[in-house]
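> The chain contents come next:
2 protein chains.
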Amino acid sequence: MSASATDPTAISSRVYNFSAGPAAMPVSVLKELQEELLCLPGAGASLMELSHRGQVFTDILHGAENSIRSLYGISDDYAVLFLQGGAALQFSMIPANLIRGNDKTAQYIVTGSWGKKAIGEAKKEGNIESIYDAKESNFDHVPSPGDYKVRDDAAYLYYCSNETIQGVQFAQAPSCPTSVPLVCDASSDLLSRPLDINKYGIIYACAQKNAGPAGVTVVIIRRDLLDHAPANLPGYMTYKNHADGDSMWNTPPTFAVWALGKVARWLTDDIGGLAAMQAVNEQKAKLVYEVIDANSNFYKGHAKPDCRSKMNVTFNLPNDELLGRFVKEAASQDLASLKGHRSVGGIRASIYNAMPLEGAEALASFMKDFASKNG
Amino acid sequence: MSASATDPTAISSRVYNFSAGPAAMPVSVLKELQEELLCLPGAGASLMELSHRGQVFTDILHGAENSIRSLYGISDDYAVLFLQGGAALQFSMIPANLIRGNDKTAQYIVTGSWGKKAIGEAKKEGNIESIYDAKESNFDHVPSPGDYKVRDDAAYLYYCSNETIQGVQFAQAPSCPTSVPLVCDASSDLLSRPLDINKYGIIYACAQKNAGPAGVTVVIIRRDLLDHAPANLPGYMTYKNHADGDSMWNTPPTFAVWALGKVARWLTDDIGGLAAMQAVNEQKAKLVYEVIDANSNFYKGHAKPDCRSKMNVTFNLPNDELLGRFVKEAASQDLASLKGHRSVGGIRASIYNAMPLEGAEALASFMKDFASKNG
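These protein sequences, in sequence, are chains A and B. With UniProt numbering, letter number 215 in the first sequence gets 215, and the count goes up by one each step, no holes. With UniProt numbering, letter number 126 in the second sequence gets 126, and the count goes up by one each step, no holes.
The hints are simulated quantities; they were obtained by calculation from the structure and are not laboratory data. Certain hints may be false.
Claimed, not checked - To spell it out: a stretch of chain B is covered by chain A in this simulated footprint if at least three of its residues, at any positions, have a beta carbon under 8 Å from a beta carbon of chain A; those stretches are:
| # | segment |
| --- | --- |
| 1 | 21-30 |
| 2 | 42-55 |
| 3 | 252-260 |
| 4 | 308-322 |
| 5 | 325-337 |
To be verified - Taking lysine-lysine and the DSSO-like style, the derived pairs with C-alpha atoms no more than 30 Å apart in a straight line are:
| # | chain 1 | residue 1 | chain 2 | residue 2 |
| --- | --- | --- | --- | --- |
| 6 | B | Lys149 | A | Lys123 |
| 7 | B | Lys300 | A | Lys104 |
| 8 | B | Lys135 | A | Lys240 |
| 9 | A | Lys304 | A | Lys149 |
| 10 | A | Lys117 | B | Lys135 |
| 11 | A | Lys124 | B | Lys135 |
| 12 | A | Lys116 | B | Lys300 |
Backbone N, C-alpha and C define an ideal beta-carbon position, used for all residues, glycine too.
Given the sequences, and given the hints that come with them, work out the whole structure.
Written out as C-alpha cells, the structure is:
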C-alpha cells in the first residue's frame, strides 16, 4: 500500500484514537496483519482459512502463549488460556468453576461498573459477600488495605484492577491472605505494567484494550483451581477443558489469537518489555493529568488523585456547552473518541499501550489551549 | 499489494485449500479486508480499533444482520444474533435456555460427531431423549422420517444438518410436529443453500465454514423462545440479553462480524444469492462424487449415496500407503488439507461456498489420474 493523501485506507488518514475499547492497536502490528492477510507466507492461504489443528496455527497459538509467559515470567503452575465470550463470560465462569454447588463464600471488592457487573453474575452461582463498594462516592477511588477484611476461608477474593468507565486503578493488588486465591479482572491493564503473577489465582483480560482485537480473552489460571468445577458445568465454561485441550478444546478465534500474538511480540521486541511499557504509560498519563491539575478551576478530574488510572483519564468541563465544543474541536484536530461514558459524563481519554506518546502530547497541548481560550 | 512470484504474501502463492474449518474464504473478501485493515475509509482507524458502540461499527453489524435477513427472507419474528463461543457454547446454551429448571424433554437425532457432542452437553441440563442414533453404522447416513418418532410435547427437536467429519447431510429438514421447535446446528451448511427459516425454532452456525473467520456464531432464534430461560442463567448464556442488546450486550467480536458481513454481501452481490450458491455447490460435489463412483473399486465413499454431503466429501483409498501418497501428491499440486478426520480416516475434501469450481475440477482431475495410475 502506498500512503497517499487521497487514499482513505492509507496510514496518513489515521487519527489519534482515544477509544476505551476496542481501542488503538500498534501500527506495526496492523501493517503485518495487512501484509499477510491474503496469504500467510509458507501456508498458501490466509491464517483465517487454516485449520486450528494444523501445525501453522498451533505454532502461532503457542507463540502467543510463550510471549505472554515470558513477559510476565509465568511458571508451569499456571495455564494460559485463550477463550471467547469476553470479560462478560468470565464474570460467570469464575464463580461457576469455583463455588457453584459448594458452600464456600467468595468475596468481592467493587470499585466501578465492571466490578458491579461481575458481582451481579456471581450472585447467581453461590454465596457472595461484597466487602467493599465504592458506589456511594460514585466510584472515584479504590480502598486501602485497612478498608476491608478478607476471610481466611474465602473461596476467592475478586477485584477489577482498572475501572475503565470511572478511571480508577489499583496501584497495588489488594491485601489478601495467602490461603485465598486472588482473582483479578485486568481487562484494561494487563500487559500495561509488570505484575507478580504468583500473587494471583486467576487473572484475566479481554484483548480489546491492550492486547489485540475484540474476540479473545486471556485467562491465566493457577492449575490447582482447575479441579473445583462441578461435573455438570457446560463444557465451554469448564476451565479444565480448555487447559487440557491447550485452548483448542473447540475452535479458538484464530485471527484474534494471531493478532494478540503479534501485539505481545511488539511489546517484547519493539517496546522492550513491561517495565519499559509502564514507563511510557506513566509518562503519557502524567502529561494529561498535569494539565488537569494546572487548570483545576476548568477541568475536574473524576478519580481521587492517588487512585487515578494510567489507562483511562476521566474529567469533566464546567458545563455541557463547553464539553460539546471540547469533543468537537478535538475531533477537528484528529483527536477522536474522547466522549466519556454516559454514567460518569464528561471526557474519557483512553491511553492504552498502543497510544503513542505523541498522541498524549497532542491531547495535553489541545487541553491547555482549550482551557486558556475558554477558562 | 503486487502479485509477484517472489512475494510469499501474494495471491499467486495461494493453493486450493480443502480444510474442513476454519476454511477457505472468498478472495475478494480477503482483499477488501486487507485493503481496509490499517484504516477504514472515513473512520480514521482500523475497524478493530473502533468502539462497538460507535456508529461505524453498529452500521457494520446491522449491515451483516440485514444481509443474512435478506438472503433468507427472515421475518421480525426472529432475532439474528452474533455470539462468541462457537457451536460448543450453543450445545449448552440451547438446553440451558429451553429446558434447564423445567420438566420438559428435548429430543435429539444423532447422525455424527457434532450431534454426539451436542447431546452430551444437553444431558447436563435436563431431560433428553435420543430418538435416532446412527452410530452403529459409523454415521454413514441420516434417517428417513419413518425412522424416528417426535413427541408432540417435546421442548424441541435437535439435529445437525451436515456432519463435517462423516460427510453426511440432511437434504430436507427432519419431520417435526408444528408444536415442537426444530433446532438445527447448521454450522457447516448455513448460507450454502436456500432454507425456509420459518420451519425452525433456532438455527445456528459458527462462521468458519461458509460465513467467515472463526470467532463469531450466527444464531437465528424465534423470539417466543427468548422467554424460556431460567432467571439464574449466566448472563452471557441468556439469548434474551443478546437479543435485547442487539448483539451488543457485551463487546462483540468486531473483526469477525465485519468479515462475516462482507462474506454475506459477496454471496448476494457476486454469487447472486443462495439458489445460485446451491447450484455451484451441487456442481462441485457432483464433480468429485462422480470420480468416486466411476472408480468404485479404488475409492470407497463413506456416506450412503442418498445422504452424501455437498460440503464435505469423505472417502478412503485401498490402503494406507496409497492414502499417504494421495495426500502428498495432491499437496504437490497445490491441493491442500485433504487428510480426513482420524475418527473416519481416509480423505475429506471440504468444498464450502468459497471453494471455486476450478478447485473442485482440479481435485476431480487429480483423483482420476491418481486412480488410473494406481488402481
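> Sort out which numbered hints this structure fails and list those numbers smallest first.
Numbers 4, 6, 7, 10, 11, 12, in rising order.
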